[in-house]
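A.B. asks: Residues per chain, in single letters:
Number of protein chains: 2
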Amino acid sequence: MYKGGYSGKVLRVNLTEQNSTVEDLPEETAKDFIGGAGFGIKYLFDEVKGGTDALGPDNKLIFASGPFSGTTIPCASRMAVTAKSPLTGAVGMALSGGYFPVELKFAGYDALIIEGKAEAPTYVWIKDEEVKFRSAEKLWGMKTTDTQQIIKNELHDQNIRIACIGPAGENQIKIACIINEWRAVGRKGLGAVMGSKNLKAIAIRGTGEVAVADKDKLKAARGEMTKAMKESPVLYPNFSKLGTSMVVDHTCAIGIFPTKNFTATGEYNPVDKIGVEVQVTRNVGSEACYGCPVSCSQLKLAKTGPYAGVLTEGPEFETMYSYGGVTGVEDIDAIIAADRMADELGFDTMSSGVTIAFAMELYEKGILTKEDTGGLELNFGNHEAMNTVLRQMAFREGIGDLLADGSRAAAERIGKGSEKYAMHVKGLELPAYDVRGAKAHGLNYATSFTGADHCRGYAFQEIFGIPVPHEVDRFAVEGKGKLTMWNQDIRTATTDAPTMCAFLLDMAVVGIAAQNTASLMEAVTDLTYTPDDVLQVGERINNLAHAFNVREGLTRADDTLPERLLTEPLKGGASKGHFISREELDQMLDEYYAERGWDVETGVPTREKLEELGLGYVTDQLK
Amino acid sequence: MYKGGYSGKVLRVNLTEQNSTVEDLPEETAKDFIGGAGFGIKYLFDEVKGGTDALGPDNKLIFASGPFSGTTIPCASRMAVTAKSPLTGAVGMALSGGYFPVELKFAGYDALIIEGKAEAPTYVWIKDEEVKFRSAEKLWGMKTTDTQQIIKNELHDQNIRIACIGPAGENQIKIACIINEWRAVGRKGLGAVMGSKNLKAIAIRGTGEVAVADKDKLKAARGEMTKAMKESPVLYPNFSKLGTSMVVDHTCAIGIFPTKNFTATGEYNPVDKIGVEVQVTRNVGSEACYGCPVSCSQLKLAKTGPYAGVLTEGPEFETMYSYGGVTGVEDIDAIIAADRMADELGFDTMSSGVTIAFAMELYEKGILTKEDTGGLELNFGNHEAMNTVLRQMAFREGIGDLLADGSRAAAERIGKGSEKYAMHVKGLELPAYDVRGAKAHGLNYATSFTGADHCRGYAFQEIFGIPVPHEVDRFAVEGKGKLTMWNQDIRTATTDAPTMCAFLLDMAVVGIAAQNTASLMEAVTDLTYTPDDVLQVGERINNLAHAFNVREGLTRADDTLPERLLTEPLKGGASKGHFISREELDQMLDEYYAERGWDVETGVPTREKLEELGLGYVTDQLK
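Order-wise, the sequence lines are chains Z and C.
In terms of our numbering, the first sequence is numbered consecutively and its last residue is 2068.
In terms of our numbering, the second sequence is numbered consecutively and its last residue is 2068.
No lab work stands behind these hints, which were simulated from the structure alone.
Hints may be right or wrong, so weigh each one.
As the list makes no split between identical chains, a pair holds if one copy fits it or if it spans any two.
[To be verified] Straight-line C-alpha distance at most 25 Å; calculated DSS-like pairs for lysine-lysine: (1) K2068 / K1662; (2) K1662 / K2016; (3) K1672 / K1815; (4) K1718 / K2016; (5) K2068 / K2054; (6) K1583 / K1686; (7) K1686 / K1572.
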């Protein structure tokens, strides 16, 4: 049935029953959803009912890699992890790279579905077809690097690959992540879902191979892709050496690097403190995901003060923002140390930093006081305080407990009108782009099915000026609905579903992305697609994911942006004076819904659209 | 020539020339010195001339495992590392377990001799017969766990075993250690020797096997040994579960657990704060060295305060003393965190803790002030201050720089009569036994060729009441010279040279140690020994090591104890009122030298004794 790419097997692990079953992957699911994010959304919608407690036993955690992962196609060892998010109440989905994703494939599975809740701390040990439940009582409380090493020692195999949570996930803080190797399934609190299931780790060792349907075709299709990679002016010349760090300088230059909880974007420009020239002084090599010739992940080593000697993989651009720009911290070594701590304790660098920036603004405004902070002077730029509070969040200590579930929950607890300073959409903290200077990107934040998420429909046209599918004015509103839909669908279809690295899309193959995915699919599997079919897979996934949110009760009112972005023009820099007015947002939303074929008033997908996408069965669940 | 146990090959790596050679191990060296510590002392004496700068290129670093390592004999994956010590100026030798020692054997070498000095940070990569020099520029400044992981990633092999230094070794602090896996070549500053050579790490992967001369004989001899292990009332029933932690309670009970820089031993008894009952609350499993069924190494996880989530392998008893008793610190989690930090930054837990305890006493006496400490309140028991200063020592920051080279150097720098509070012998800080209540143990501290070292001639008769070779009164002086010689020789011959675990000797095979070693040697190799021959190997090594020290200018005056132990009786506890008077020390030394066949006035080995041991060539070098 499956000639390549897929094993056609889904492993279902039930923690309550402490058993596992292997079931077939329906061919239709493969065809319609490709893999990764597609499988995640499909199983999530079908199996996790509306109103399910995200931290209860009925939530499910779906690990899925794509058909290219484990083949000779570079940059494909990635996975999507999907569950209902405890942070947003919407779809929780995040992707990670490294080695774990491909190991899942080598073990023989296209997806792994975790169900139920173990009675006591447990880890799951998957060796090809063998699945064991092992006690994690003694691992509970352990940091992520140690957890992985101790499990490898315990199982007497240093080549096992492990996804695990740290204390933050155990303590079910809603911004906890999952760590595999040094990579993170970072956002939407999926680590808390693992914690709620008493699942400390998943250890995998696979000894199989991933079949390929047509090796000659694959050679040709891969050749097209690697040619595009070689021709990219940034991928190898720049990105291999610097990773995402260079984006600090670029976003500062165009005035959209958010600083001091978005109060000072453009006006306060920290490029000389934490820009790429400073960052490279800490570079000590790089790491690559399985099968990746780019090796973008920069290792940095802190040099000064109490942080000296701390190594981290990163901080990526988003963390330079969340522990740097948005908190006003200018100490590169403090940022490096915070990044490592986040990986070790297992929480999202982005949401945690943005939540602290929020608390910093409240502290500066007098809404939070020294009494609340336990004596900490939580001003913008205080890196010791930032590092202290980050640690406290993971353990729910002191003010950390107040902030541990992200900025929306913190604002609810604090009250006093603080919500208007909380920079989130649907509960997910904003990424590192002040979208007052990049309006399609803003519309994506408002409409992405995971909340404010730069990983869903990244507007590289606005941010990097890449004229695909066409040139755009980043401050314009007209046409941004259509563009955002395209950005979301192309990303989902060509990176998140086949689990290809998103950086490839942005930097090398964007012009040929749909064709490239179609060619690779035809070579690796026995499924055929036109480029339009590929794009439609993206549309299908976005529709089904959005339908999940609608079923959870989300409405057009949730597709919005923080008040500050809608009311306060940028005060300085290259985007000075710009903001997204409520009218502009409404105009973009109208266009977006119309393009999507959704009801413009409510944002609910129409029956026609769903049926067109083969999702007719969904309609009845959207009352 | 060699039928088993030995490959007969010594790998010599020259960092200056960036080349390596393999040479034969002379059969006579194997016969006379067995391995491990024996080879270390032999090559050190013969190749490192008197007066060599310990931190200069002419010092050599000799890694040697024993003939049993890599065979089916349990508890034999250990190695001795030997060099001239920068801390003491005498023989620097320390042993470590783990996996690195056996990997050296599997790679085909009985010993590895590191010579010269690399121009720039380097690591050596040994894969069987292949030896490569690789840049460690980017590893410089990195902690030890990260260093090992990054090297494994870089060489694409997770099964490589690595010995490395941390920032402390790089900064050549004289109490820096070498770390392999989580084990330490802990004492005498051998990490600084690596640092002085610009050698960040040695990575080894061996795919060979260790031959055995007579498998039937081995089965029989090993059977004797494992029978003794099974019959031990402590080894499996107790030591497997608790490791060395139980010794805190025992030494507290007999009044010799040193507290507050030896000012309060017996009087202040912290057993309810840091004794075994508290320690086990942090236990989360154990780790074993290669081929060890005992698995004594207890993993502990800190639970509270800023230390929560820190895992460590340990703290061993000695560290419970150095970061606990002797500093007056009562916070188990602070001790756990300090232990991990020492492993990560790469310094000796013992010397560092005892040096801080010394500084604490000076601070309490007003000899050091807040000005000296940079504002820290360095009182006994201040665990935050202890952890801060420990970190500062590794980086030579603030008061850490003053203390970074151990207590003798610190006392010299501080002056003001502080030397009398510095608890060291020959510059090596005292281990965890207040020898005012264990006088043979005290004589061993005074005479051990490495300085105050519990690992050389451990007086288990006094400390645990084990009546081998006979019962003793721990407060008595008579007969302690002879006993100490036996303790030193049996330990050297049956554990340090064949590189067997010392705990086996103390806890299981002490009564049959020499016979057991003889039987195992005859089975594994083609060399034959009587038990007396075995003991004579110990004597030979001790003589040659002592001769090294004599050549370096050490005299009888250096075989002494800190003034406090010679003048202040214990103020409380089960050893109250006892001390070792100068007269008693002299009496024991006279007896010891006489038993050793050394000149009683000078402590120099006589020509007769050296010739008897086949070391006649040494005499001419001892003018």
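A.B. asks: For which of the previously enumerated hints does the structure constitute a violation, in increasing order of number?
C.D. replies: 1, 2, 3, 7
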